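Use the sequences and the hints to build the structure in full.
There are 2 protein chains.
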Amino acid sequence: MTQQLRIIPLGGLGEVGKNMIALVYDEAILIVDAGNMFPENDMLGIDMVIPDFGYLRDKVSQVVGIIITHGHEDHVGALPYVLREINAPVYATPLTCGLIEAKLEQHTLPVEPEIHTVRAGDTVKLGPFEVELFAVNHSIPDNVGLAIATPLGTVVHSGDFKFDYSPVHGQPADFATLARLGSRGVLALLSDSTNAESPGFTPSERSVEPAFDEIFRTAQGRIIVASFASLLSRIQQVVDCAARWERKIAFAGRSMLESVEIAKSLGYLSMPEGIEIDLAAVDRLAPHEVVVMATGSQGEPQSALARMAAGRYKMLKIQPGDTVVHSAQIIPGNEELAHRTINKLLQRGAEVIYGEVAAVHVSGHASQEEQKLLLSLLKPKYFIPIHGELRMLHAHARTAERIGIPAENIFTVENGHIIAIDAEGARVTERVPGGYVFVDGASVGEVGPAVMREREALGRDGVVVVVAQLDEDGNVIGRPEVSCRGFVFVRESTELLDGACQKASEVLSRQQNGHERAALENGLKKALEAYFYSETKRHPSILPLVLQAEGVRAGD
Amino acid sequence: MTQQLRIIPLGGLGEVGKNMIALVYDEAILIVDAGNMFPENDMLGIDMVIPDFGYLRDKVSQVVGIIITHGHEDHVGALPYVLREINAPVYATPLTCGLIEAKLEQHTLPVEPEIHTVRAGDTVKLGPFEVELFAVNHSIPDNVGLAIATPLGTVVHSGDFKFDYSPVHGQPADFATLARLGSRGVLALLSDSTNAESPGFTPSERSVEPAFDEIFRTAQGRIIVASFASLLSRIQQVVDCAARWERKIAFAGRSMLESVEIAKSLGYLSMPEGIEIDLAAVDRLAPHEVVVMATGSQGEPQSALARMAAGRYKMLKIQPGDTVVHSAQIIPGNEELAHRTINKLLQRGAEVIYGEVAAVHVSGHASQEEQKLLLSLLKPKYFIPIHGELRMLHAHARTAERIGIPAENIFTVENGHIIAIDAEGARVTERVPGGYVFVDGASVGEVGPAVMREREALGRDGVVVVVAQLDEDGNVIGRPEVSCRGFVFVRESTELLDGACQKASEVLSRQQNGHERAALENGLKKALEAYFYSETKRHPSILPLVLQAEGVRAGD
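From first to last, the protein sequence lines stand for chains A and W. Letter 335 of the first sequence, counting from 1, is numbered 396 in the working numbering, and no numbers are missing. Letter 475 of the second sequence, counting from 1, is numbered 536 in the working numbering, and no numbers are missing.
To be clear, the hints were calculated from the coordinates, so they are not data collected in a lab. Some clues are possibly wrong.
To be verified - Listed next, with one range per pair, are the computed distances between beta-carbon atoms:
#	chain 1	residue 1	chain 2	residue 2	range
1	A	Ser595	W	Arg241	40 to 50 angstroms
2	W	Gly261	A	Glu430	33 to 43 angstroms
3	W	Leu170	A	Gln167	53 to 63 angstroms
4	A	Glu556	W	Arg241	28 to 38 angstroms
5	W	Arg463	A	Ser595	21 to 31 angstroms
6	W	Gly496	A	Glu556	20 to 30 angstroms
7	W	Gln563	A	Thr178	41 to 51 angstroms
8	W	Arg552	A	Pro212	39 to 49 angstroms
Given the structure is predicted, the values throughout are model-derived calculations rather than measurements. Ideal placement from N, C-alpha and C gives every residue a C-beta, glycine not left out.
As structure tokens, then:
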């Protein structure tokens with residue numbers, strides 16, 4: 062058998078979030094990232110979505126390592142679930158390791174995980190893979206891309222990246238290494254497509270500072286800045302602004318407090334002595350002396366900002382004079398909740414500054430010109446756009462074509478499509494599972510499409526339960542009972558529901574004696590579906606229950 | 062009592078859609094627009110949202126007229142529901158009347174409505190109101206704004222507007238009338254805020270033509286253009302493009318066919334002889350000879366485009382070589398479904414051109430500079446931003462302040478807040494209902510917050526039904542039965558559900574004899590809630606049913 066390298070995208074290709082890619086050479090498997098994603102609006106009741114890594118389940122012993130490119134949830138959030146099943150060493154930079162360790166404390170794992178701290182510039186040998194980490198910019202410090210040397214050539218994984226010549230944290234991206242990799246030859250590039258639809262260059266993280274300074278200069282009252290807990294560069298900028306404009310800073314929201322603690326302890330957040338105060342101390346200061354940094358930029362109902370907007374946050378009540386700054390990208394699908402939060406804050410009299418009205422946020426991802434720069438530095442033979450919905454992957458592919466990569470060397474695929482590279486060339490081979498695994502309460506992967514369809518139907522039109530009792534001879538006892546939830550307002554619908562009882566009685570009287578329970582239940586279901594549709598033009602889920610107890614006989 | 066004019070926003074202030082405003086002078090009420098809106102993502106199962114016009118219900122005889130500014134759904138869609146209760150004459154321009162009549166055909170009204178065709182330039186006297194209609198541009202022909210003369214002064218309602226110096230249909234906005242109104246003095250301006258966050262000028266409808274020509278020039282296969290059925294200017298442009306590039310045009314989607322028919326019959330769509338073909342005839346032509354215009358730009362699951370994307374549209378199967386053009390604004394909240402449709406079309410091998418990658422759509426609403434121009438032409442004493450979420454209204458208010466309208470003369474309010482104007486000045490007075498009325502199947506307004514909360518809970522975690530039987534003495538018959546829907550996958554959860562039966566039995570055995578049904582049911586509910594939360598960390602809705610039949614006695 063000829064040598065073959067297989068690239069298996071398990072997450073992040075065809076969606077925004079839950080990034081996870083496996084590289085296979087010989088029997089050795091290298092995993093890059095293990096992220097989660099926000100559930101989409103119609104994934105009812107789901108807490109979190111993680112990659113379907115079932116393909117690796119019977120190959121657990123072949124996994125030589127898991128490399129995490131940076132500490133954002135969409136790259137690290139599924140790691141506890143992966144480590145439950147795959148006990149492989151994890152490699153990440155110091156801040157990323159800090160965030161991983163905090164995350165793992167909330168989970169019980171069968172085996173203590175082996176976590177190795179590595180740094181940009183380091184090379185790690187994992188089976189047949191020699192992985193060199195190089196610095197690229199993003200909205201979190203200690204972010205790296207990977208140059209993965211394999212016997213067939215070097216595969217470069219961009220991680221999440223942008224080129225920032227004046228980053229808030231660390232150095233500009235490591236152009237020297239990128240140029241060296243390019244001049245030695247790159248077999249394949251896997252590159253971040255999040256902003257593939259945006260022309261031009263993404264501005265530097267620094268570019269938000271004038272807008273922030275203007276806000277701090279003019280705000281008369283309290284300032285509340287909402288962002289991601291993991292957007293550490295923004296947190297640093299707000300801290301710096303607070304210092305410049307002589308305000309104290311407090312943090313709100315569990316994950317915000319946690320990531321600030323980790324970043325401080327590892328030296329990734331520089332905080333002037335005495336500037337940080339407890340949220341409870343905010344009320345003891347004059348409004349113009351304080352800034353609060355809070356979670357909730359996506360309008361998540363349990364977040365600090367959403368609770369402030371709804372008046373349900375005890376520690377901080379929004380009042381006229383407050384200025385709220387929404388300083389984060391709204392993730393696709395979260396627009397409605399995020400905008401609703403902004404509207405509610407306005408209702409409470411706050412001034413709200415957000416992306417559409419001021420330059421208070423800048424993306425952490427490369428735009429088209431940066432994507433071209435990376436492609437031009439590395440000159441890869443094969444190109445695989447990663448990280449993004451299919452439309453973004455396609456846009457990235459078009460960009461690559463425009464700067465001369467032949468269309469047949471570009472692989473625009475979704476999760477689960479294996480790309481095999483060998484001496485003959487590269488091609489898409491079989492498809493393995495690469496879909497969603499739902500985390501719902503304590504269950505992981507147990508809620509599947511059948512249950513989701515039921516939830517959708519229940520949420521749309523509610524449920525009607527019809528219960529009938531039979532005695533041991535199959536005679537109907539009493540009248541069937543009809544009860545409903547989420548369908549109609551019961552108190553105003555007695556006539557409708559009485560009619561349903563009547564229908565159910567008719568079904569039972571027709572089908573009495575000798576009928577099986579299943580057939581009776583089916584008859585009730587059909588009759589009530591038809592009845593409710595004709596009366597209401599709606600389709601509630603009908604749950605029929607026919608009970609038959611031994612030793613019971615109808616009176617008279 | 063001093064003369065007073067009251068402006069009562071019943072829809073469109075604090076939301077995008079379902080526009081409806083009432084003006085009250087003396088006892089006379091004038092209604093402007095009666096639109097519907099798309100349900101938001103968490104309005105589960107709701108078909109349509111219409112304004113709550115309950116405030117008018119006991120004043121029906123005072124309504125002197127209903128004026129509809131143009132034929133878009135968010136201005137006309139609730140009219141059948143309003144006319145069911147308010148039998149007042151309707152005034153609208155010819156195309157708008159055509160669309161209204163088609164809509165009313167689908168509804169049964171208690172009284173034949175009285176519909177009057179009027180034109181831009183006309184003045185209609187309705188009680189104390191003298192309403193002059195003037196032309197403004199939008200993405201549908203025959204769109205008007207209103208100058209409503211009252212004894213206290215003139216109120217101008219912008220309708221939906223933009224200033225288009227080269228419109229696809231009709232003439233540029235009527236600047237002469239606007240200037241005349243301004244020079245005579247405007248008491249109050251109510252103006253469209255949809256794009257209040259967008260700086261600059263909205264480009265002309267014509268500006269999409271180069272992009273369309275480029276697509277028609279280069280596309281090798283079929284072209285499918287998705288837009289709103291009511292976006293008649295876009296339909297005209299695609300027809301013109303088809304003529305220029307020698308393609309036949311077919312229409313897909315019920316509402317598209319309907320609005321094309323109406324526009325043709327009233328002379329608002331000029332279609333070269335022989336260019337239109339039936340959708341069924343598309344397959345008989347070569348791919349490069351055809352363009353299809355379809356509904357579904359918002360990803361609505363039952364629309365033509367969404368069904369094509371899902372492979373569920375019999376008349377047209379998407380194939381590689383097809384070019385799909387998404388030429389419409391995505392309404393806030395619809396992003397996820399619309400983008401999902403685009404991704405699925407890409408999956409099927411189509412090329413997809415959409416707003417982010419080419420200039421194939423332009424807004425029908427004024428941007429900030431146009432809003433300033435209208436304000437400058439009219440120089441209103443009072444300003445009330447309308448049509449938009451609160452954040453848009455606020456942005457519009459900021460714009461008005463910047464060009465010199467005093468903050469105290471600007472009323473940024475949401476639906477239901479009455480603005481009263483008299484000789485003393487203007488102020489916000491009481492608040493009347495101005496919320497949502499849900500249309501759900503055949504019911505209007507019957508599904509309220511309680512039912513919506515139940516649906517939300519059902520959709521999130523599903524439902525568990527527990528049924529127990531008692532004999533006439535209150536003895537438990539048999540074992541309680543537990544059944545669920547949308548909670549767990551039943552076949553893999555027998556242990557969990559058996560445990561629930563066990564819990565239920567324990568509750569019944571503790572509480573037997575002499576207990577009320579309600580207390581027993583409550584006991585079952587509490588016990589199972591606790592049980593399921595401890596086992597699964599989830600909160601399914603528990604529906605307990607305790608049946609007790611007279612004349613039945615447990616055997617033994």
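Evaluated hints:
| no. | hint | verdict |
| --- | --- | --- |
| 1 | A:Ser595 to W:Arg241: 40 to 50 angstroms | 57 angstroms, violated |
| 2 | W:Gly261 to A:Glu430: 33 to 43 angstroms | 23 angstroms, violated |
| 3 | W:Leu170 to A:Gln167: 53 to 63 angstroms | 60 angstroms, holds |
| 4 | A:Glu556 to W:Arg241: 28 to 38 angstroms | 58 angstroms, violated |
| 5 | W:Arg463 to A:Ser595: 21 to 31 angstroms | 57 angstroms, violated |
| 6 | W:Gly496 to A:Glu556: 20 to 30 angstroms | 26 angstroms, holds |
| 7 | W:Gln563 to A:Thr178: 41 to 51 angstroms | 49 angstroms, holds |
| 8 | W:Arg552 to A:Pro212: 39 to 49 angstroms | 46 angstroms, holds |
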